[in-house]
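Asker: Given next are the chains, with one letter for each unit.
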Amino acid sequence: MFKIKLPTWFVLILPAILILVAVVLIPLLLSLYSSFTPYRLTRPDTLYKWIGTYNYEKAAKSWVFWSAFGRTVLLLTIALNLEMLLGLGLALLVSRVTRGQRALRTVMMFPMMFSPILVGFQFKFIFNDNVGLVNNALQSLGVTTAAIPWLVDQKLAMFSIIFAEVWTSTSVFAILILAGLFAIPKDPLEAAKVDGCTPWQTFRHITLPFLMPFIYIALAIRSLDVARAYDIVNIMTNGGPARRTELLWTLIGRTGYVDAKMGYANAMGYVSIFMAIFFTIFFFKKLSAARAELGMAG
Amino acid sequence: MKNPLKSLLAVTTCLAMGAVLPAAAGQFDGITVEAKLIGGQQYEGLYGRIGQWEASTGATVKIVSKKNHFELDKEFKSDLAAGTTGWCVGSNHSSFAPQYPSLYADLSPFMDADEVAGFVPAMISASTVAGKLVMLPRAQFDVSVLYYQKSLYEDDAKKAAFKTDYGYDLAPPATLDQFKDQAIFFADPPNFYGTQYAGKDEGASGRFYEMVVANGGRMFNDDWTPGFNSDAGKEALGWFVDLYKAGAVPPGTTSYLWDELGAGFASGTIALNLDWPGWSGYFNDPESSKAAGDVGLVVQPMGSAGIHTGWSGHHGFSVTEKCPTPEAAASLVAFLTNEASQIAESAGGSLPTRTAVWEHVVKAAEGDEFRSSALNVFKQGATHAFPVPKTPYWIEASNLIYPELQAAILGDKTVDQALQDAADAVDEMMQENGVY
Numbered sequence: 001m002f003k004i005k006l007p008t009w010f011v012l013i014l015p016a017i018l019i020l021v022a023v024v025l026i027p028l029l030l031s032l033y034s035s036f037t038p039y040r041l042t043r044p045d046t047l048y049k050w051i052g053t054y055n056y057e058k059a060a061k062s063w064v065f066w067s068a069f070g071r072t073v074l075l076l077t078i079a080l081n082l083e084m085l086l087g088l089g090l091a092l093l094v095s096r097v098t099r100g101q102r103a104l105r106t107v108m109m110f111p112m113m114f115s116p117i118l119v120g121f122q123f124k125f126i127f128n129d130n131v132g133l134v135n136n137a138l139q140s141l142g143v144t145t146a147a148i149p150w151l152v153d154q155k156l157a158m159f160s161i162i163f164a165e166v167w168t169s170t171s172v173f174a175i176l177i178l179a180g181l182f183a184i185p186k187d188p189l190e191a192a193k194v195d196g197c198t199p200w201q202t203f204r205h206i207t208l209p210f211l212m213p214f215i216y217i218a219l220a221i222r223s224l225d226v227a228r229a230y231d232i233v234n235i236m237t238n239g240g241p242a243r244r245t246e247l248l249w250t251l252i253g254r255t256g257y258v259d260a261k262m263g264y265a266n267a268m269g270y271v272s273i274f275m276a277i278f279f280t281i282f283f284f285k286k287l288s289a290a291r292a293e294l295g296m297a298g
Numbered sequence: 299m300k301n302p303l304k305s306l307l308a309v310t311t312c313l314a315m316g317a318v319l320p321a322a323a324g325q326f327d328g329i330t331v332e333a334k335l336i337g338g339q340q341y342e343g344l345y346g347r348i349g350q351w352e353a354s355t356g357a358t359v360k361i362v363s364k365k366n367h368f369e370l371d372k373e374f375k376s377d378l379a380a381g382t383t384g385w386c387v388g389s390n391h392s393s394f395a396p397q398y399p400s401l402y403a404d405l406s407p408f409m410d411a412d413e414v415a416g417f418v419p420a421m422i423s424a425s426t427v428a429g430k431l432v433m434l435p436r437a438q439f440d441v442s443v444l445y446y447q448k449s450l451y452e453d454d455a456k457k458a459a460f461k462t463d464y465g466y467d468l469a470p471p472a473t474l475d476q477f478k479d480q481a482i483f484f485a486d487p488p489n490f491y492g493t494q495y496a497g498k499d500e501g502a503s504g505r506f507y508e509m510v511v512a513n514g515g516r517m518f519n520d521d522w523t524p525g526f527n528s529d530a531g532k533e534a535l536g537w538f539v540d541l542y543k544a545g546a547v548p549p550g551t552t553s554y555l556w557d558e559l560g561a562g563f564a565s566g567t568i569a570l571n572l573d574w575p576g577w578s579g580y581f582n583d584p585e586s587s588k589a590a591g592d593v594g595l596v597v598q599p600m601g602s603a604g605i606h607t608g609w610s611g612h613h614g615f616s617v618t619e620k621c622p623t624p625e626a627a628a629s630l631v632a633f634l635t636n637e638a639s640q641i642a643e644s645a646g647g648s649l650p651t652r653t654a655v656w657e658h659v660v661k662a663a664e665g666d667e668f669r670s671s672a673l674n675v676f677k678q679g680a681t682h683a684f685p686v687p688k689t690p691y692w693i694e695a696s697n698l699i700y701p702e703l704q705a706a707i708l709g710d711k712t713v714d715q716a717l718q719d720a721a722d723a724v725d726e727m728m729q730e731n732g733v734y
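So the protein sequences, as listed, match chains A and B.
Counting from 1, position 80 in the first sequence corresponds to residue 80 in my numbering; the numbering is continuous, with no gaps.
In my numbering, each number is its position in the second sequence, counted from 1, plus 298.
Here chain B stands alone, though its shape is the one from the complex (with noise of 0.2 Å):
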C-alpha cells in the first residue's frame, strides 16, 4: 500500500460512516479528479464529505467551478464550443441533462447494478438519456406539492361565505379548478392574493407543461410536433389567465421565479403556493417567515382528466466523455450518491432519491409532527411525479412557449392566439434542429 495512514482513515471513516464504499482504498493514489459542481448553501453540506473520499481512495478533487445551475449550463455549452471538456465530474439536472448529448458518459458500466437498483426507479429513468445513464440523482429531489394558510380553513366565516358562492365545502383544494376557485376567493389585493405562480423563463413553461398533462394533453406528440396547442393547453393557459384577470395573483407575477415565490409565500400575504419541498423548512421557520406555524401541505391537485400535476426534476453528477480517470470520477459520483451521503443531505431537508433514505428519513422525522406530515404528502406527491419531456430541445422550446404564455396572461394574445403562436415557433424550431 502506497500511503498506509490514508488506508486506515478510509478503513475508519467507512466504519464511523456505517456504509460500504464502492472503490478500494488507495483505489485512485495520485489521481486528480476536476469537478464543476452547482454552488449554492443548500448544497455545500453535501460537498463537506468530499474529504472522507479522498482520504479513502487517496484521489484528489479539485472544484474548478461553482455556480448556479444557470451559469453552469452556459459554462458547459461553452466548454462544448471550445472542447475543454476533459474536466471529469459535473452537476447536472433532469430538465438540464437532455441538452448535452455528447458531454456526459453512460454510467452504467462503472456500476453495480445493486447500486443502481437503491435509486427510485422512476429517478433513474429520468437520468437516462437516449439509453445512457447520463447521471446519478444526488438527495436533491423536486415535485411541487400545495403549500396553504391553515388557519384560512378554520375560519368559519370564510367557510360559511365560501359554501355561498361555490356551493362546496371549504376544504385545501384536490382539483385546479377549485384551486381557482379558493384562489380567487381568498384574494384581497394589493394586501392579500389568492396565489402565485412562476412567470417566466423555463419555471412558467414547466407549470403549463404540468398542467397541460393534468388535463389529460401532451406537450410534444410522438414525432416532437407541438402538442400542447390543444383543448388541454387551452383550458391550462386559461388557469393562469383567468387567476391574472381576477386579481387572485400580484401583478408581478410574470416576472416572478423561485426565490420571488419562496419570500411571497413567507411574508404570508399568499394563501396558496404550488411550490417544491426545499420551502417547507423555510416556510415553517418564525425567523424566515411570518406563515410559520400556520402552514399546511396536501398533494398537489388534479386536472381535469383526473391526473395530478407533478413537473418534476432532480440534481444529479455525471462524468465527462473525455475524462482521462472515468473510474475515478464515477467513484466520486456513486460516492456522492451513496446512501450516508443522501442521508446527510437529507438531514437539511431536501428529498432523497434513493428508496431506502426515504424510510431512514421518515423515520427520523418521528416526532416532529409538521416535517412527518409534509413528508407524508412529499411521498404521495412524488408518485405522481415527471420529468420535462426527453428532448435536447425543451429548453429553447420552452423559451419560445413563455413568452406567448406571457402575451396571453397579460392581454397581449388571446389564448387560441397565443398558443397558435407558440406552437408555429416550437414547430419552426423543430423543423430548424432537423427533428422531423
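One chain only, chain A, in its complex shape (with noise of 0.2 Å):
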C-alpha cells in the first residue's frame, strides 16, 4: 500500500493549520463569497444567486455608508490617541509611585474588567438626559438650567461614546507603557541628569523614544480591539439618532442581523476589515522604525 510521507516539521504544525483553516480561513472564505450574493438570513436559497460586486457597488454609492465609515476612522483616531496620551500620563505618574504602586496599578485595571455591555448601560445612565447623573450634577451645582441631550446632540453624542471608550480602554495602554517604563535601563537616565537635562529633554529624547516600540504594540493592538466598542455604541445610542453615531459596526450589525441582509452586511464588513488591515500594516511599520532607531532588530 502506498504511504504518504509527510515532512516532521508540516506533521508538527499540521493542527494548528488545520484548526486556523476550520475557525478563520473557511468563514473568511464563506463570508467573502456571501458579499457577492443577495444572501438573507431568513431566505437561506439567496446565498446560491451570484450578483457579483453588486454589494460592494451599493455600499460604494451609499451616503449613509461612507458617513458611517468617516465617524469610524474618526472615533479611531480620536479614541486611540487620547487613549494613548492619558495612557502615556498615567503610566508616567504611577511608575514615580514608590509606596502601594502595585495596588494603584490592580486599582487602574478595574474598567478593563467590566464588560463593554455593562459599561455601555453605565453611561447610558450617566448620560441620560432627564435622569442622569451628570445633568442632575450640572443642575444642582447652578451650572445649567437646560436638560442637555448627552446622547442626541450632533457633538456631544459622539463626545459622550469617546468619553465612555476612553474610560473603559484608557487602562490597557497605561498597563503596557508601564511595562515599557521599567524595562528603560538606568544608564542613559543617569548619564542624562549627569549632563545637566532637563526633565522634559530627558523624557522627549530618551524616555519617549524607549517607549515609543510599548506605545505602537498598544495602538496595533488596540486599533484591532477597537471594535469591540460596538457594544458600548449599541446600548447607548444604537448609531442614533438620525444617524448621528452611526458607526460602520452598529451599521454592519443592523443590516447582518436585523435586516438579515448578510451579504450586504459582509461586503460592507470586508471594507472594515481592509481598514484594519490598513490600520495594522501602518502601526506596525511605524514600530519597526521605532525599533530601527534603537538599534533594535526590525
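Source of the hints: derived by calculation from the structure; they are not laboratory data.
Possibly wrong hints are sitting among the right ones.
Stated by the list, open to error - Think about it this way: if two alpha-carbon atoms lie no more than 30 Å apart in a straight line, the pair counts; the simulated DSS-like pairs of lysine-lysine are:
id: 1; chain 1: B; residue 1: Lys711; chain 2: A; residue 2: Lys124
id: 2; chain 1: B; residue 1: Lys430; chain 2: A; residue 2: Lys124
id: 3; chain 1: A; residue 1: Lys49; chain 2: B; residue 2: Lys430
id: 4; chain 1: B; residue 1: Lys711; chain 2: A; residue 2: Lys61
id: 5; chain 1: B; residue 1: Lys372; chain 2: A; residue 2: Lys61
id: 6; chain 1: A; residue 1: Lys58; chain 2: B; residue 2: Lys688
Stated by the list, open to error - Residues of chain A placed beyond 10 Å of chain B at every Cβ, according to the derived structure:
id: 7; residue: Pro38
id: 8; residue: Thr42
id: 9; residue: Pro44
id: 10; residue: Trp150
id: 11; residue: Met158
id: 12; residue: Ala191
id: 13; residue: Cys197
id: 14; residue: Arg243
id: 15; residue: Tyr257
Quick reminder that beta carbons are idealized off the backbone N, C-alpha and C, glycines included.
Combine both chains into one complex, guided by the hints.
Answerer: Now the structure itself:
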C-alpha cells in the first residue's frame, strides 16, 4: 500500500493549520463569497445566487455607509490618541509612586474588568438627559438649568461615546506603557541627569524613544480591538439618533442581523476589515522604524 | 396506559383547572418538545404551567433558549440561515411574524375550529400570514391608550389658563391636536414635560404609522410602494416635530424606547403618555411610581380623519415547519393559549386575546376602581387596534424610516425632505427584494 511520508515539521504544525483553516479561513472565505450574493438569513436559497460586485457597488454609492465609515475613522483617531496620551500620563505618574504601586496598578485595571455591555448601560444612565447623573449634577451645581441632551446632540453624542470608550480602555495603554517604563535601562537616564538635561529633555530624547515600540504595540492591539466598542455604542445610542453616531459596526450589525441582509453586511464588513489591515500595517511600519532607531532588530 | 400515575395526575389537574385540555392523557409519552421562548418577568408566570401539560400528555418540554424578542429574532434568523430549525415551539409576535415565511407551520390543521373561534377574531386575523395561521395568541395583547396625571385636569388655575390660551375646556385629549396643545401647555422643562414618545427603532416607526392611519393615510399602497409620503404622513411627522421644537418632550426622547418611557411617566415628570397596557399596574403602584394614585386613562386620541391611533401587536406561540412532532408541539401551543392559561396570565395585568377571558378579567376586577376603569379603556382601545403592515419587510422598512423621522424631529431635515428620503429608501429596498 502506498504511503505518503509527510515532513516532520509539517506534521507538527498540521493541527494548528487545520484549526486555523476551520475557524478562520473557511468562515472568511464563506463570508467573502456571500458578499457577492444577495444572501438573506431568512431565505437561505439566496446564498446560491451570484450578483457579482453589486453589494460593493451599493456600499460605494451609499451616503449612509461612507458617513459611518468617516465617523468610524474619526472615532478611531480621537479615541486611540486620547487613550494613548492619557495612558502615557497615567503610566508616568504611577511609575513615580514608591508606596502602594501594586495596589494602584490593580485599581487602574478596574475599567478593563467590566464587560463593554455594562459600560454601555452605565454611561447611558450617566448621560441620560432626564434622570442622568451628569445633568443632575450640573443642574444642582447651578451650572445649567437646561436638560443637556448628551446622547442626542450632534457633537455631544459622539463625545459621550468617546468618553465611555476612553474610560474603559485607557488602562490598556497605561499597563503596556508602564511595562515599557520598567524596561528602560537606568544608565542613559542617569547620564542625562549628569549632563544637566531638563526633565522634559530627558523625557523627549530618552524615555519617549524607548517607549515608542510599546506605544505602537499598544496602538496596533487597540486598533484591532477597538471594534469591541460596538457593544458600548449599541447600548448607548445604537447609531442614532438620525444616524448621528452610526459607525460601521452598528450599521453592519443592524444590516446583517436585524434586516437579515447578510450578503450586503459582509460586503461592508470586508471594507471594514481592509481598514483594520491598513491601520495594522501602518502601526507595524511605525513600530519597525522605532525599533530600528533604537538599534533593535526590525 | 403506559404511565397510570401521570394520567391520574393529568385528570386531577384538568378537573382542578376546570378546563378541557386538547390532548388525551399520555398521548405524547416519551416525546420531547424543544422550545425557544421569550424571557422576562411578565412572561415567566405562564411557563410555570408547562408542568401541567407535561403531566397530562407524558411529553417533556425542553426550553433551549429564553431571550427577549429582539434577541430571539436574531436567533431565529441565524437558525434559518444554518437550517437548524428542528426545534418545535417558538415565541412569536405579530410584528415579527411576517418576516419568517418559511419558518413556521400552519396551525389550522392541528386546531379544532371551535378552539380558534374562542379568540378575538382580529387577533386570529393578525396571526394569519399569507393564509397560514402561524401562531396562536397568548394573553399579551398590546394597544396603546393615553395615560395622564389626573391632578393636572383638576387644577382650577390650569383650567382657566388653558381656556384663555386655547379657547376650549381642559379635559383629557380626544384628538391628536388637543394632545399636542395640552402637552405644550403643561410643559415646564427641564423639570416637567407635556409628553414623550418612542424615538427610535420600530417604536418610532410604529407610532408614526398609527398617526398616518389616524390622519387618513396609508403606510404602503396596495402594490407595497411607500404611501406614507403624503399629506397624512407630513401631518403625522409634523406632530412629533412641533412637540420637540416646543420643548414639550424631553430632549433625549429620540433615544427613548419603552423602558425609558415607562420610567419617565413613573417619575411623575410627564403629563400625558401614550403607552401600552402592561404598564398600568406599574404606574399606579406607589412602590414603583410617583404618579401612583393620580393616574387616569382615556382611549387613544383620533387623528384628523376621525380615526383613532391603534398600532397593536400581540405575543403568541408558533410551531416550526421542521418540528418532528408537530401534533405534540401544537398541543403545547393550544395549552399555553387556552382559557385557563389566559386567565392565569392576565391575572398579572396583561390583556387577554380570548373573548371569554376578557369577560372573566372584567368581572375579576370588580371592586378595584382603577383596574376596572383601566380595563374598560383598554377594551374600548382594542376596538380601534390594527396590526403592522403584513410584509416580510416591515422591520427592514422600519429601520429605513425611523432615522429619517429622527432627522426631521432634530431639525437635520425638513419634514418634506425626511419623508421623501425615507420613501426613496423604502422604494429601493422593496424593488431590490423583488416586491415590485
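Asker: A separate judgement is required for each hint: does it hold in the structure or not?
Answerer: Verification of the hints:
1. Taken as a hint, the B:Lys711 and A:Lys124 pair is honoured in the structure, with Cα atoms around 26 Å apart against an allowance of 30 Å.
2. Of the supplied pair hints, the one linking B:Lys430 and A:Lys124 is violated, its CA atoms being roughly 42 Å apart against a limit of 30 Å.
3. Simply put, A:Lys49 and B:Lys430 have alpha-carbon atoms about 28 Å apart, close enough for the 30 Å limit, and the pair holds.
4. Pair hint B:Lys711 plus A:Lys61 holds up; C-alpha atoms about 21 Å apart against a cutoff of 30 Å.
5. Between B:Lys372 and A:Lys61 the CA atoms are separated by roughly 27 Å; this keeps the pair inside 30 Å, and the hint holds.
6. Of the pairs offered as hints, the one joining A:Lys58 and B:Lys688 holds, with about 27 Å between alpha carbons and a cut-off of 30 Å not exceeded.
7. Not every beta carbon of chain B lies more than 10 Å from that of A:Pro38, the smallest distance being close to 8 Å; the non-interface claim is violated.
8. A beta-carbon of chain B comes within 10 Å of the beta-carbon of A:Thr42; the shortest separation is about 5 Å.
9. With a closest Cβ-Cβ approach of about 6 Å to chain B, A:Pro44 is found to fall inside the 10 Å limit, against its non-interface label.
10. A beta-carbon of chain B comes within 10 Å of the beta-carbon of A:Trp150; the shortest separation is about 8 Å.
11. Even its closest Cβ contact with chain B, about 14 Å, leaves A:Met158 beyond 10 Å, as expected for a residue assigned away from the interface.
12. No Cβ of chain B approaches the Cβ of A:Ala191 within 10 Å, the least distance being about 57 Å, so the stated non-interface status holds.
13. No Cβ of chain B approaches the Cβ of A:Cys197 within 10 Å, the least distance being about 52 Å, so the stated non-interface status holds.
14. Chain B draws A:Arg243 into its interface by the beta-carbon criterion, the shortest separation being 5 Å against a cut-off of 10 Å.
15. A:Tyr257, annotated as away from the interface, has a beta carbon of chain B within 10 Å; the closest lies near 5 Å.
This entry does not satisfy hints 2, 7, 8, 9, 10, 14, 15, going by the numbered hints stated previously.
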